[in-house]
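Model the full assembly from the supplied sequences, consistent with the hints where possible.
Protein chains: 2
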Amino acid sequence: MIILLICFESNSQVTAKEDSITLRKIFDTALLEGMSYDWLDDLSNEIGSRLSGSYGAEQAVLYTQEKLNELGLDKVWLQPVMVPRWTRGVKEYAYIETAPGESTTTNVCALGGSVPTPYGGLKAEVVEVNGIEELAALGREKIEGKIVFYNRPMQANLINTFKAYGGCVGQRWAGAKEAANYGAVGVIVRSMTLSKDDFPHTGSMSYGDLDDHLKIPACAISTNGANYLSNTLKLQPKLKFYFNQSCKTHPDVQSYNVIGEIKGNVYPNKYILVGGHLDSWDLGDGSHDDGAGCVQSMEVLRILKKINYQPRYSIRVVLFMNEENGLRGGRKYAAEADKKNEEHIFALESDAGGFTPRGFSFDTNDEYFNTIKNWESLFEPYLIHQFYRGGSGADIGPLKKEGIILSGLRPDNQRYFDHHHSDNDTFDAINKRELELGGAAMTGLIYMIDKYID
Amino acid sequence: MIILLICFESNSQVTAKEDSITLRKIFDTALLEGMSYDWLDDLSNEIGSRLSGSYGAEQAVLYTQEKLNELGLDKVWLQPVMVPRWTRGVKEYAYIETAPGESTTTNVCALGGSVPTPYGGLKAEVVEVNGIEELAALGREKIEGKIVFYNRPMQANLINTFKAYGGCVGQRWAGAKEAANYGAVGVIVRSMTLSKDDFPHTGSMSYGDLDDHLKIPACAISTNGANYLSNTLKLQPKLKFYFNQSCKTHPDVQSYNVIGEIKGNVYPNKYILVGGHLDSWDLGDGSHDDGAGCVQSMEVLRILKKINYQPRYSIRVVLFMNEENGLRGGRKYAAEADKKNEEHIFALESDAGGFTPRGFSFDTNDEYFNTIKNWESLFEPYLIHQFYRGGSGADIGPLKKEGIILSGLRPDNQRYFDHHHSDNDTFDAINKRELELGGAAMTGLIYMIDKYID
Chain A
1 MIILLICFES NSQVTAKEDS ITLRKIFDTA LLEGMSYDWL DDLSNEIGSR
51 LSGSYGAEQA VLYTQEKLNE LGLDKVWLQP VMVPRWTRGV KEYAYIETAP
101 GESTTTNVCA LGGSVPTPYG GLKAEVVEVN GIEELAALGR EKIEGKIVFY
151 NRPMQANLIN TFKAYGGCVG QRWAGAKEAA NYGAVGVIVR SMTLSKDDFP
201 HTGSMSYGDL DDHLKIPACA ISTNGANYLS NTLKLQPKLK FYFNQSCKTH
251 PDVQSYNVIG EIKGNVYPNK YILVGGHLDS WDLGDGSHDD GAGCVQSMEV
301 LRILKKINYQ PRYSIRVVLF MNEENGLRGG RKYAAEADKK NEEHIFALES
351 DAGGFTPRGF SFDTNDEYFN TIKNWESLFE PYLIHQFYRG GSGADIGPLK
401 KEGIILSGLR PDNQRYFDHH HSDNDTFDAI NKRELELGGA AMTGLIYMID
451 KYID
Chain B
1 MIILLICFES NSQVTAKEDS ITLRKIFDTA LLEGMSYDWL DDLSNEIGSR
51 LSGSYGAEQA VLYTQEKLNE LGLDKVWLQP VMVPRWTRGV KEYAYIETAP
101 GESTTTNVCA LGGSVPTPYG GLKAEVVEVN GIEELAALGR EKIEGKIVFY
151 NRPMQANLIN TFKAYGGCVG QRWAGAKEAA NYGAVGVIVR SMTLSKDDFP
201 HTGSMSYGDL DDHLKIPACA ISTNGANYLS NTLKLQPKLK FYFNQSCKTH
251 PDVQSYNVIG EIKGNVYPNK YILVGGHLDS WDLGDGSHDD GAGCVQSMEV
301 LRILKKINYQ PRYSIRVVLF MNEENGLRGG RKYAAEADKK NEEHIFALES
351 DAGGFTPRGF SFDTNDEYFN TIKNWESLFE PYLIHQFYRG GSGADIGPLK
401 KEGIILSGLR PDNQRYFDHH HSDNDTFDAI NKRELELGGA AMTGLIYMID
451 KYID
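Line order of the protein sequences matches chains A and B. For the first sequence, counting from 1, position 31 maps to 31 in the working numbering; every step adds exactly one. For the second sequence, counting from 1, position 112 maps to 112 in the working numbering; every step adds exactly one.
Everything labelled a hint here was simulated from the structure, so no lab data went into it. Check before you lean on any hint, since a few could be wrong.
Pairs involving identical chains hold if they fit within one copy or between any two copies, as the list cannot separate such chains.
[Unchecked claim] Dumping the calculated EDC-like pairs for lysine to aspartate or glutamate here, alpha-carbon to alpha-carbon at most 20 Å: (1) 263 - 366; (2) 270 - 342; (3) 215 - 423; (4) 75 - 128; (5) 163 - 28; (6) 306 - 102.
Okay, here's the thing in structure tokens:
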């Protein structure tokens with residue numbers, strides 16, 4: 001007797017099964033033979049920090065270009081871009097002086113873009129505020145000749161630490177400029193972290209349109225230092241704060257975005273982009289910010305090649321230069337794409353740390369978002385299925401226009417600011433599996449976009 | 001003109017709003033004035049490891065009893081339980097000898113419950129297998145007089161690391177007994193971790209009904225050591241492995257479960273339980289396994305008191321003794337509850353590490369599960385909203401019966417086995433916010449259970 005088993009499956013069921021098999025293959029490739037962790041080891045431990053214009057940044061350009069070349073992509077090239085060059089100089093030094101001869105050293109670092117202190121350092125009384133908006137009430141009378149100490153902490157009861165960061169980063173960005181307007185001679189900014197530790201966290205600042213002779217030096221103080229300073233000020237309001245920093249802004253220098261491409265076989269002149277930023281701050285080694293995003297993006301193209309996926313669109317990995325203090329790479333890339341009429345249908349950035357990925361945020365129209373939202377169940381077995389509307393990434397922001405889909409990888413963010421922009425952002429804080437899950441999820445999303453978005 | 005704004009809200013909307021306000025209050029209390037991190041600091045750094053029957057375990061009983069007393073609960077007490085006592089003795093020593101006089105030391109630790117090596121240590125040839133099921137094919141002929149080396153690795157492409165653990169923990173638990181049956185003189189087990197490092201990971205093992213004189217010593221080797229041994233065996237199959245361990249099983253000793261209770265104001269004789277296990281292995285300080293679960297459970301009762309919540313049911317925190325090598329505490333608690341006819345409607349255990357919580361698993365009937373599943377949206381703002389069917393925790397397992405709801409906190413598990421049962425399970429691997437989010441989520445769930453489950 002012959003029994004015929006006939007299975008009826010709809011086209012969409014067959015396709016869904018195919019997609020789920022491909023995703024499984026992608027995750028297996030990432031977790032069983034991933035390269036991102038080894039690349040990040042090199043980038044972090046062989047090269048180290050990669051501030052725009054530094055030798056580290058230059059080495060990182062050459063290293064990633066070489067690694068992309070090894071992947072056998074259709075094309076790998078460097079896109080020239082002029083970038084700012086700011087150097088920290090000798091290690092900063094600071095102390096709190098409660099009486100002549102009685103002082104306690106404390107950990108500070110110059111904010112990126114700050115001017116140096118006068119030769120020999122700067123010593124002055126301190127006025128503590130909880131944010132820029134408190135300056136007006138104090139007025140010039142209480143600020144002139146003093147150092148303004150911005151001590152607004154990140155709000156610990158916000159679940160999303162990026163929101164907590166957003167709530168006080170303004171004092172870092174514009175604090176010096178605003179305080180200078182009231183005659184302050186310097187500013188100290190509480191480090192942007194929820195952790196209580198001794199690491200000062202740097203980050204970019206701006207003097208806006210302030211004349212050069214009005215610019216005042218700005219430094220970050222560790223959270224432990226900030227708490228100590230604040231408590232000591234209550235006991236001794238006349239204490240003086242001393243800091244010495246020799247940072248300097250130099251003329252712009254030549255640098256590069258690093259780009260690799262797999263040619264699409266249907267729409268070779270339309271592009272899907274995945275990237276992170278290759279530059280980092282000069283403290284730590286930039287493993288989470290954003291070495292992780294770079295190696296995950298490189299891994300996307302490696303995995304697609306490895307599983308022999310032939311994309312319909314051309315797929316580019318872009319390692320942007322100068323996200324941290326200028327965004328020149330992102331702007332340059334978008335300007336060039338515009339000039340060459342390169343239509344980008346999708347751009348994805350990973351720049352929120354190498355932690356366990358939980359989903360993606362999307363900045364696009366309703367139609368695209370609803371289509372993509374339907375794919376959540378495909379990513380659920382990997383627990384990376386929170387697809388929601390939100391921002392994407394700074395570097396891909398300049399690509400924004402009607403009809404493009406911008407997206408950001410969204411990892412668990414509880415630990416991110418413990419490391420961000422500090423000596424504490426190092427390779428040992430990276431977990432191999434967490435990093436690999438991110439690269440795999442990014443590859444899966446790009447596979448789906450390439451296959452279904454028209 | 002007077003404008004009357006009349007809002008119509010259904011009862012269920014009002015209740016949902018009330019619940020969401022209470023949850024917010026719970027999370028604020030945990031994140032802004034949490035105690036769990038400080039308690040864990042004491043437990044990990046002042047007391048350290050807490051193997052059943054050790055002085056550390058005894059100190060932990062006294063410490064947590066004192067802290068529960070400080071919370072002003074209605075009742076705090078110790079529940080006596082006899083526990084096994086196994087001691088590691090002097091630090092283990094092992095080497096791989098490729099030729100007489102040519103050897104490389106490697107890191108091992110005795111498995112919990114193992115017998116010691118003969119005086120002076122044990123040296124023998126090695127036969128490598130990928131799991132217990134390979135022994136039969138080798139037979140007594142190839143095993144007798146040798147050390148069996150179980151080298152099955154955890155499967156890296158499984159997303160859930162607990163599943164990967166489950167896939168090879170059998171060789172640790174029963175490997176010695178099975179190998180002894182073929183005349184092996186000892187066993188080495190690859191450490192249960194996905195990380196490549198030098199930490200050997202201990203854990204419980206059993207000789208089953210094997211006669212004392214047939215018991216053979218068993219140790220764990222670090223993953224780096226296992227890879228080295230395996231590679232060296234390929235070059236030199238006749239190499240010898242030496243190890244020396246002086247561990248010992250002593251008579252049972254008196255210990256305790258630590259219990260605290262808030263009396264219910266409607267059903268004082270029905271119970272909701274939350275707990276973790278106070279004992280740990282003797283390596284590291286047991287911060288993740290399971291100091292974290294203990295302090296999170298204590299935090300649940302602290303937060304409920306702090307927000308002045310009057311529970312309908314009596315709520316108990318139970319810090320169980322001896323989960324790791326006997327489960328005596330869990331069994332004793334369930335037996336006593338049974339004897340006293342204490343009806344438990346819900347029991348929640350946190351024993352999967354102090355990492356970012358992602359949801360809860362539930363072991364209960366359809367009706368309860370469907371009710372609870374409806375609460376997911378309430379936990380979504382905290383990203384702790386994956387409620388699914390699954391196991392709960394070893395200590396609360398003995399409470400299982402018709403009509404009870406058992407549940408386990410489910411944190412991110414990517415890093416868990418990097419630390420589990422090794423020198424690497426230490427307080428510095430704990431993130432304050434991640435720990436606190438777990439305690440808050442547990443409090444929120446217990447609040448909902450208390451309010452809505454009848």
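Have a look at residue 270 and residue 342 and pick one of within, between, both or neither, based on CA distance no larger than 20 Å. within (6 Å within a copy, 68 Å between copies)
For residue 263 and residue 366, with the copy left unspecified, which applies at a CA distance of at most 20 Å: within, between, both, or neither? neither (29 Å within a copy, 52 Å between copies)
Under a CA distance limit of 20 Å, which applies to residue 215 and residue 423: within one copy, between copies, both, or neither? Neither: 26 Å inside a copy, 51 Å across copies.
Please work out whether the CA atoms of residue 163 and residue 28 approach to 20 Å or closer within one copy, between two copies, in both situations, or in neither? between (34 Å within a copy, 15 Å between copies)
At 20 Å max between alpha carbons, let me know whether residue 306 reaches residue 102 within a copy, between copies, both or neither. neither (64 Å within a copy, 42 Å between copies)
At most 20 Å between alpha carbons: which applies to residue 75 and residue 128, within, between, both or neither? neither (54 Å within a copy, 46 Å between copies)
Hint compliance for this structure: hints 1, 3, 4 and 6 are broken, all remaining hints hold.
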